[in-house]
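2 protein chains.
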Amino acid sequence: MLEKSTEERRERRHTSTQYEQELTELRQKLLRMGGYVEEMIFRTMQALVERDSELARQMIEFDHQINRLEVEIDELCLHILALRQPTASDLRFLSTAMKIVTDLERIADLGTSIAERAIELNEEPQLKPYIDLPRMAEAAQKMVHDCLDAFVERNVELAESVLRHDHVVDELNEQIFRELLTFMLEDPHNITRAMRLMFVSKALERIGDHATNIAEMVIFMVKGKIIRHMGKNAPPDTTPSA
Amino acid sequence: MLEKSTEERRERRHTSTQYEQELTELRQKLLRMGGYVEEMIFRTMQALVERDSELARQMIEFDHQINRLEVEIDELCLHILALRQPTASDLRFLSTAMKIVTDLERIADLGTSIAERAIELNEEPQLKPYIDLPRMAEAAQKMVHDCLDAFVERNVELAESVLRHDHVVDELNEQIFRELLTFMLEDPHNITRAMRLMFVSKALERIGDHATNIAEMVIFMVKGKIIRHMGKNAPPDTTPSA
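Keeping their order, the protein sequence lines are chains A and B. As numbered in numbering that gives the first Met the number 0, residues 0 to 241 make up the first sequence, in order. As numbered in numbering that gives the first Met the number 0, residues 0 to 241 make up the second sequence, in order.
Honestly, the hints are just simulated from the structure, not real lab data. Mixed in with the good hints there might be a few duds.
Note that identical chains are pooled: a pair holds if it fits in a single copy or bridges any two copies.
Simulated pairs of lysine-lysine, DSS-like, Cα-Cα distance not exceeding 30 Å [to be verified]:
(1) K222 <-> K28
(2) K98 <-> K127
(3) K141 <-> K222
(4) K141 <-> K28
(5) K98 <-> K222
(6) K28 <-> K127
(7) K127 <-> K141
(8) K201 <-> K28
(9) K28 <-> K98
With the sequences and hints as input, model every part of the structure.
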C-alpha cells in the first residue's frame, strides 16, 4: 500500500514535470512566433524602404513558416487541454494562447500584403521619401513585442502600456493619409501609388489593432473573475472515477 | 453496492444531460451572435443606402450587445472546459468556438466602421447610386450565415462552399475600387467621398475574409487529425484519482 502510494506520488511528480515542460514549450513557441512576426514587420518595411523586391518575395514565403507554427501551437494547447487537467488559471492561459496565435497569424498576413504592395511600388518611381511609415512600423512592432511579453509574463501593466501606445500608430496613420491625399489632389498620376502607400499605412494600423486586441485579452485573462474560482472546486461528478 | 452503482449511473446521466444542455446553450448563443452580426451588416448597409444616420448610430450602439455576447460565449466555453471532461471532438469544437467568436466580434467592429463612414457620407451629396455595395454586402452576409451553420452542424461541405464564394466578394471589391478610382481621377472633389466608399467596400471584403477564416477553422476542426485520437485514450496519470 505504501509502495503503491510512493509510486503514485512519483508518477504524479513525473506528470507535473511533463506538464510544466509542456507549458514552458508553449511559452517558448509563442515567443518564437512573436519573434518571427516582428521580423516579418521589420523586413517587409526594409523591402519597401530599400526598394528590395527580392526581400519582399522572401517575406511572402516566410509567412508559410509562421502559419505552420500557428498550427503547432494550437495542437500543443489542445494536447495539454486533453491530457492534463489544467487549473482554472492555466485553462484561461491556454484558451487565450489559442486566440492570440490567430492574431499573430493575421499580423503576418498583413506583413505579406505589405510585401505585395512593396513589390508593386518598386516597379514605379518612388512617390516620396518614406519617413513616417518606418516610424509607424517601429511603433507597431514594439506593440507586438510588448503585448506578447505581457501575455507570457501575465503582466497587466505592460499590457496596459500597449493600449496607451496605440494612439501613436493611429495618429501617424491619419497624418500619412492627409499627406498622401494632398499628393492625390495635386496630380491624378499620383493616385495609384498614393493609394498603395495608404494601404501600407492602414496595414500597419491594423497590426497595432491586433496588438491592442492581444493586450486586451491579456488583461481580461489576468483580471477576469467569472471563471477563476472554478477548477479546483469542480464537483466530483466531473471526474470519470466519480 | 448495487444501490451506489445505480446512484452513480443516475448521477452520471444527470451530468451528461447537463453537459448536453450546456453544449446546446453554446450552439444557440453562437447562432444568436451570428444572427446579430448578420443584422449588423444588413442594417448598416441599409443606413448607408437609405442615408439614415439615426439607424447608423443605433448600429454603433448595437455593437456593445454583440461584445457582451462574445464574453458570455467565452465564459461558457471555459466553464465547460473546466467542469466537464469534453471528448477530443468536443474539445476541438469548444476551442474553435472561442476562436470563432473573436472573428464574429471583429465583423461587428467592421460593421461599426461602416456605420461611421455612412454617417460621414450622409453629410455630403451622394457621389453615385449604390448598386454593387449592397450586392457585396449580401454576399458577405450569406458567407457569415453559412460558415456559422457549417460550424454548428460540423458540415465540411457547407464550409467549403463558403471558401468557393469568397471570390465573389473579392471581385466586387476590385470592380468597385476601379470604378471609384475613375471618379477620383475625374474630379479631385470626389476623392474624399470615393475613399470613404472604398473603405466600406474594403470592410465588406474583410467581412468575407473573416467568414473564410471561420470556414477554414471548421474544416480543420472536422478533418484535423493530430488531436482526434486523444482524450478517451488519455493515460491514467492525467486523472486526479490515478
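For each hint, the structure was consulted:
no., hint, in the structure
1, K222 <-> K28, "both (24 Å within a copy, 24 Å between copies)"
2, K98 <-> K127, "neither (38 Å within a copy, 40 Å between copies)"
3, K141 <-> K222, "within (23 Å within a copy, 37 Å between copies)"
4, K141 <-> K28, "within (19 Å within a copy, 36 Å between copies)"
5, K98 <-> K222, "both (17 Å within a copy, 20 Å between copies)"
6, K28 <-> K127, "neither (39 Å within a copy, 50 Å between copies)"
7, K127 <-> K141, "within (25 Å within a copy, 42 Å between copies)"
8, K201 <-> K28, "within (28 Å within a copy, 33 Å between copies)"
9, K28 <-> K98, "both (14 Å within a copy, 19 Å between copies)"
Hint compliance for this structure: hints 2, 6 are broken, all remaining hints hold.
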